[in-house]
Structures are given as C-alpha cells and as structure tokens.
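Sequence lines, in order, name chains P and D. Mind the numbering: the first sequence is residues 1 to 224 in our numbering, read in order. Mind the numbering: the second sequence is residues 1 to 335 in our numbering, read in order.
A hint or two may mislead.
[What the hints assert, rightly or not] Which chain D residues face chain P? A few, computed with CB under 8 Å, are given here:
no., residue
1, PHE4
2, ILE111
3, ALA112
4, ASP113
5, ASN115
6, VAL116
7, LEU119
8, TYR120
9, SER126
10, LEU127
11, VAL129
12, ILE133
13, TRP137
14, ALA152
15, VAL156
16, LEU303
Worth flagging that the hints you see were computed from the coordinates, not collected in a lab. Here the structure is a predicted model, which is why all the values come from computation and not from measurement. Quick reminder that beta carbons are idealized off the backbone N, C-alpha and C, glycines included.
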Amino acid sequence: MIANIAFYVCSIILLASAALVVSSRNPVHSVLFLILSFFNAAVLFLIAGAEFLALILVIVYVGAVAVLFLFVVMMLDIDFAELRSGFQRYLPVGATVGAVLFVELVFVLGGWEFAPQAPVLRFSPAPANVSNTAALGRLLYTDYIFLFQAAGILLLVAMIGAIVLTLRDRKTSRHQSIRAQTDRTVAETLELVTVTVGAGVKEIGILRPKPVDPEPVEEVHHGN
Amino acid sequence: MQSFFYDTYIGLLILTFAEALALLVPLLIGVAYLTYAERKVLAAIQLRKGPNVVGPFGLLQPFADALKMIMKETIIPAGANRLLFLMAPMLTFSLAMIAWAVIPVNAGWAIADINVGILYLFAISSLGVYGIIIAGWASNSKYAFLGALRSAAQMVSYEVSMGFVLVSVLLCVGSLNLTDIVLAQHRVWFCLPLFPMFIVFFVSALAETNRSPFDLPEGESEIVAGFFVEYSAMAFALFFLGEYANMILMSGMTTILFLGGWLGPFGILPQLGPLWFILKVCFCLFVFLWVRATFPRYRYDQLMRLGWKVFLPLSLLWLTLTAAALMVFGWLPNA
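Looking at chain P on its own, in the form it has when it is part of the complex:
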C-alpha cells in the first residue's frame, strides 16, 4: 500500500517537474526542476527494486551532469525579452520539427512488440538469491561484454574529441611549471652573506636584481 502511494506521489511530482522544465521562464529554475525530476525517477527505480540503477542515476545525472548544466546556465547572460521576441518567428520551424519527430515516434511505437517471455520475466527481473547489483554485473560483463566495451570506446572517443577541439595553447595565459619549481635547489635560490656592522646594502652589493620584464603577450589570431 505504501509502495503504491509512493509510486503515485513520485510519478506526479516527476511529470509536474518535467512539465515545469519546459515551461519555467527562468532557465535556472528549469535546471532545478530537471534535477527534481531526475531525483523522482531515481525514487521510482528504488520502488521497482532496482537500487543500483537508482543510485547510479543520482550519482551520474544529479551529481555530475546536472551540476555542469547548472554551472553553464547560471553563467549565461540571457536576455529574456529577446528570447521571447523570437518565439513567434521560430514557431513554424519548431512546430514542423516537433511534428516530424512525433510522427516518427508513432511509427516506431506502433511497430513495437514485447518479447514473448517478457510477461513471465517481469515478475522476477533479478535471479533469486543474487543481489540486484551482482545480477546486473553478471549480465553486463558476460553476455553484453562487447556492447559494454563498444560503449566505453565511444565515450572515450567523444571525450578525446572534445579535448582536441578545445585545447589550444593560448598565449594569453601564463602557467606555473611545478617541475621547474620543485627542481630548484638551495644553492640556486639562497645566498648567505656575512654583513659587516653598519654597512648598507649598496656597499655590500646585495641589491635585489631588477625583475625581468615579462614576455610581451602575443595577439591571438582566430581563424585561418
């Protein structure tokens, strides 16, 4: 009974917050509602008995992806008036794209068939006497090992691609070379001088050397 109530409450919150993601005026509120809907989806997983999936959803989506989302959206300088003025102009294009997607979805779902053994499996998704996590691991690392590795390589390629696209040696920023600093010895940096009483720094010749002028910052040329 409690599980049923929890299921309906979480589903309603999930759907409501999903609707608010698209309809809120403030983009930061949208992202916060997105986080709320992720969280409720995780609770639905928990109710279904998939505790591993629920916590992974929280760790990956709520804890990492949505943080970066929020990070970017908060830093964007969004002009709401300009955003709303474009609504009329982009409405036909947006509606067309939406309609095409909707028709395609109807086609795909129309031809959907459940596997014949699905109704039986539905009642015991995990094998008996094995925890949910272990059951998932056994399936993933044996039957689906090829798909698992392929997905991993795909993500690796995407990650390297993103780094290659954004990493360029900007001449405008200065970096600290930690190795050069830790390699310095006492002899290079410190000099002990016996100072006679009453002598000034000029007489002994330990005036601080004039600091070297920093290298001129080069202009960065974009394109070509």
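We have chain P; now place chain D onto it with these hints.
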C-alpha cells in the same frame, strides 16, 4: 512488544524515529564540540589558549555561540531569490544528516543496512554541491556567485578520483555493503595494503568538505566569505553545522573504508566496538584540524592540477594494480 515494533507500520515508524534520534543527537553534540575542539587545537598549535571564559575550560562556548546565532536576525538581501535563498542551507544541513542513515557504528548498529550503502554515501556526498551552488546563485551577489562556481568545479573534480578509490576498496571486499566492508578488514585494515589510496581519499575528503587547504569556495582574503557571504543567524548556522557534520561524515567514511570501522587493532577488545569507531573518527578529525593549522591555502590552478593531473592518474593506476594483484594471487573475494 517486539511484534508491535517490527510488524506494524506505526511501530516501525516509532522505531525508526527513535533510532534516528539516537544517532542524530550525539552527532549534533559532536558537531558542537568539534567547533570547540577546532578552536582549542588551533590555539594549542599556535601557542594560544583558545576559548576559556564560558564555563569551565570554555566548555560551554559552543552553546553560547548557538544561542547567539538563534538570537540574531535573519537578513534576506533585497535582490535575492527568497525561496532558494532559504532552501539552500536547509538542503546542505539535511543532506549532511541523511547520509548518516547507513553508517554502521558497530556490527548491526546502522539505521539502514542497505546492499548499496557505499553508493548511497557517494550519491549523497555528490549532492552536497547543490546547497552551495544554489546559495551562491540565490544570494544575487558576485562574491557568493564566485564562491559557488569555485566550489562546484572543485567538488566535481575531486569526486572522480574519490570514485576510483571506492572502486579499489570494493574490489578487495566484493560487496557494496558497509558492514561487509568493515568485516573484510578483520585481518588487516585497508590503510596498509591500499596506503596511496588512503592518502588520496583523505585529501579528496578535505577538498569535498571545502576544508583548508582547499577552502577556496570561502576564501576570505579574495571573495570575503564565498558562497555564504549574505547569510546570517540560523541560515548561516545551518551551513556551519552542515560543514562540520560533513567533516565527521568524511572521517566516518575514512574509518569504515580504511581504518577497520569498529574493529580494534589486532582484534583486541571487540566488545568496545562503538568506542573504537568514535576513537578513529576523532583521530581523523584531529588530522583535519592539524592540516588546517599547518598548510597554506592552495591556489585555484594548483587545486585543479592536483585533482585532475595527479590524483586521477594515480588512483587509476592503483586501481589497475589492485585488480591485477587480486587476480594474480587469487585473492579475489567471492571467487
């Protein structure tokens, strides 16, 4: 009587409530005295006396501070988002509290001994960043916002290597259950065979809790007080309590993962279970304070370099080595 508490909904509710109180009340007293201990330890290291006026040896100082916080006025800035502004400290505080639900203080002494306990802890600690980032944004102040951005980047960076440390511990245990993790250390505590991971975990814990030397989100010399600049009175107190409860939580996690939880050294005095646990947590907390008194604050680029270029490769390498060693010597659990 037993059937009332275990078989009826109302009984279960009362039982869970009592268990939660039995854990949270000592925890909050611990938080209060951690602030006192911090000031006393820092004072001792810096050859000062520390709080010594309120009560004998200044022992009532935390309560005087709490009373002061309650009496003050909660100020909400005019440009702030009121709802989110008030929600952020509550979120931080309640996240710091609910993580304790799975911590086993002794064999079987956990409110919820769930199968995926360590994942639960990891998930809750990764949510902690929201309290800070929402506070920074809702305050509508540039210092608070800069603090929140720093903190978000920092916490996400250190979580990655922390995840790898957890995986290498899990490889040695073969279970995600916290009780199993402690029991797997009955012969040797994991801080010895996984020593580099222990260090990586502890330093990442410092960064996760925004403690010195990684306290850039609140770097008072550049951004005044970071994300909680605009907070006062109880809202500030909730952030403060959350931060210290998180410190105790991270010390508890270090104890469970690497220092053998409630097990005594060399198996001596097993009947003292919870006392061993508290002693080890206190030791970790002392190291937290010791580090604060000893190291200067990191610069931001150095912090990011340490997380991504030092800890991440190191923890990946050690994870591979651990897996290889377990495989070669046939020490894999559940094999």
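Here is what the structure says about each hint:
1. A cut of 8 Å between beta carbons decides the hint on PHE4 of chain D: the least distance to chain P is about 18 Å, and the hint is violated.
2. About 16 Å separates the beta-carbon of ILE111 of chain D from the nearest beta-carbon of chain P, more than 8 Å, and the hint is not met.
3. Because the beta carbon of ALA112 of chain D sits about 11 Å from the nearest beta carbon in chain P, more than 8 Å, this interface hint is broken.
4. This hint is violated: ASP113 of chain D has a C-beta 13 Å from the nearest C-beta of chain P, more than the 8 Å allowed.
5. Taken as an interface hint, ASN115 of chain D checks out: its beta carbon lies about 5 Å from the nearest beta carbon of chain P, inside 8 Å.
6. Against a cut-off of 8 Å between C-beta atoms, the interface hint on VAL116 of chain D holds, since the closest Cβ of chain P lies about 5 Å away.
7. Interface restraint check for LEU119 of chain D: the shortest CB-CB distance to chain P comes to about 4 Å, inside 8 Å, so the restraint holds.
8. Because the closest C-beta pair between TYR120 of chain D and chain P is about 6 Å apart, less than 8 Å, the hint holds.
9. Interface hint status for SER126 of chain D: upheld, as the beta-carbon distance to the closest one in chain P is roughly 3 Å, under 8 Å.
10. With 8 Å as the threshold, the beta carbon of LEU127 of chain D comes within range of chain P, its nearest partner Cβ sitting at about 6 Å, so the hint holds.
11. Annotation: VAL129 of chain D was flagged as interfacial toward chain P, and the flag holds, the nearest CB pair being 6 Å apart, inside 8 Å.
12. Here the hint on ILE133 of chain D is kept, as its CB sits about 6 Å from the closest CB of chain P, short of 8 Å.
13. For TRP137 of chain D, the interface hint holds, the least distance from its beta-carbon to any beta-carbon of chain P being 5 Å, beneath 8 Å.
14. This hint holds: ALA152 of chain D has a C-beta 5 Å from the nearest C-beta of chain P, less than the 8 Å allowed.
15. Taking 8 Å as the C-beta cut-off, the interface hint given for VAL156 of chain D holds, the closest approach to chain P being about 6 Å.
16. Hint status for LEU303 of chain D: violated, given a least beta-carbon distance of 12 Å to chain P, over 8 Å.
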